[in-house]
Amino acid sequence: MTLTSAAAIVGAFEHPTRNATGMNQMLFAFEAAKGALDDAGLEPQDIDAVFTPPMLTEGGPLGPSASLYLTDYLGVHARYLDETDVGGASFGLYLNRAILAIEAGMIRCGLIVYAAQPRSGQRRIGSPGGGELRASPDSFEQIYGIPLVGFYGLLAARYMYETGITREQLAAVPVTIRGHASLNPNALYRDPITVEDVLASPLVASPLHVLDCCVISDGAAAVIVASRDVARRTLKPAVWVRGFGEATMSHDAGRGDWSRDTIRMISEASQRAFDIAGVTPHQLDAAMIYDAFSINVVMALEGAGLCDQRAIGEFVASGGLAVEGQLPVNTDGGGLSSNHPGRRGLFMLVEAVRQLRGEGPGAQVKDAQLVATIATGAASMARRASAVHILGVE
Amino acid sequence: MNEWIRPQPTINDETAPFWEATKRHRFLLQRCQECGKVQHYYRGFCAYCWSTEICDEEASGDGVLWSFSVIWKNRAPGFADMTPYSVAVVELAEGVKVCCNLDIDDPNEATIGMPVRLGFVDATELFALPVAKPTSAPSGDPA
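Chains as they are written, first to last, in this note's numbering: chain A, 233 to 626; chain B, 297 to 439.
No wet-lab data here; the hints were simulated from the structure. Every value quoted in this text rests on a predicted model; they were computed, and no experiment measured them. Possibly wrong hints are sitting among the right ones.
Ranges of calculated distance between the beta carbons of each label pair, as one might list FRET restraints [said to hold, decoys possible]: (1) 415/B / 537/A: 51 to 57 Å; (2) 308/B / 394/A: 32 to 38 Å; (3) 293/A / 409/B: 42 to 48 Å.
Think of the CB as a built atom: it goes at the ideal place given N, C-alpha and C, for glycine as much as any other residue.
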C-alpha cells in the first residue's frame, strides 16, 4: 500500500466575504461547500463524508456534533464523519482522515468545510473565552490571566531568548505577508506596512504587538477530497496529496519545554509528510504556514526543516518569504492580513491548491508544482497539534 | 482581605489538597512513588506511569524565570482593570515548570533566567494565589 497521492483535492473555495453579519452560520457553510462542489463539477450526492469542527470558541452556534448537524442540514448521506478539535490544525487532521478512509475504501468523496463569524460576533484580541475555569487545567493556568495571545507572547519571548532572533527580524514576517495581502482584493487588510509600523503598533502580550497578531474575520471555506476514480471526472486538474503527517504536544505534567516541544511536534509531522512524498524541503515552491502570530511562522521554519535555526532571522528580514524570495509563504496574505476567523487551516489548504493551479488571488508563485501546508492549532496553551501536507500536481 | 474580583479556581475532590495547601502558603507538587517523577499540575495519578501511588511534595519555592509576558489587553472580567500585568512560566528547582503572575515593579527589569521565588497572595477563604517574585537585584547578580 502506498499512501502518496492516494487522494486528491478536486475542489477548493474560499468565501470572498470577511464580514458575514447576521448570516445563519450553516447557510454560510453551505455557500462555501457549494463553492467547492461547483469548483469540482460534482453533485451533492457525490459527497459521502463530512468534516467540520465544533465552533463554540468562535461564538458558535454550531458546537458539539457540528458534523452531524451540518450533514443533516446539507442533505448529505455520510458514511464517515469527523469533528476532532485541535483548533486551527483540525482541517489538516480531517484531510488525513479522509485520505485514510479513501484508501480503506470506506468513502470516495469527503467535504471539509468551515464557517465562522467571530468578527460580526464582536470577538476581539483579549476577548474572554466562555465559561468559568475548569478544575484542570484552567485553574492552574488561565487563573493567572493568560489569554490566548499571552501563551504566544510567552512562547515568543522564550524562542527569541533561545535563538537570538531580534524583534525587528520577527517583524519582517507580518510585513512580507501584508505585501502579499495588498494584492488580494478580498484580504481584510491590504495597506502595506513596515517594520517600524509593526513595532509602533500597540503591545498586546509582550513581545507581540497588534500587527504580530492575525486578523479576526468572518470567513468560510471548503475543500473536496476525492479518490482517484472521482478525480478523473472533476473539472480542474487534481491537486494530489503527495505526503501527510500529524503530531501533538502537551503540557507534559510540567516537564515540557513549550518551545522545543513545538519544534519537535512540527518536525514529526513534517518528516512524515516529506517521507511519504519522497521530497525534501528544498524542492518546495511555496509554503502555507499557520500564521495566527508572527512567532508561529519562524518556529515552523525551524520545525519543518525549511531554514536552519541560526539563519531564520536574517532569512525573513531579507525577504526570503516574499513571492519573489527563496520560499514564498502565505501568498494570499495569510491569517496575519487576509482571513482568520478563529481557525486558519482550511484557508491554507485552499491557497495551496490555488497556487498549484495558478489561481492565487494575491501573489502568485510562477510554475508552482510542490506546495507544503504547515498547520498548528491548540485546544488551550500547550495542548497543541500540527498537521503537515505536501501537495502537488502530476 | 479585599474582595477578590479575579476568577477563582474551580476546586474538586481531586485538586482540593493543592488549594488547601495554598492557604498555608505551600505549593504542592507530587512525586510518584513508583517511577520517581515529579509533576505539576496536581492530579490523582502519575502522568508518566499511571501509578496511583503518588505523594505530595512541597516545592522549595526557588526557581528561575523561564519566560514572561506583559499582558496589555485582556477583556475578561477581573483582568480588564489589571492591565498591564505580567504572566510568567517559572522553572522550579524540582524540575517542573509552573504558570503564575510575576510580581515586579518594572517589567523592563525582568530577564529570562533570573532567579525568582514563589510566594502567595491571599485571595478568599478557599485559596491563596501563587505568585513569583525576583530574588536578586535586577542589575544582575551573575550567579
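Here is how each hint holds up against the structure:
no.	hint	result
1	415/B / 537/A: 51 to 57 Å	violated, 43 Å
2	308/B / 394/A: 32 to 38 Å	holds, 36 Å
3	293/A / 409/B: 42 to 48 Å	holds, 46 Å
Checked against the numbered hints given earlier, this structure breaks only hint 1.
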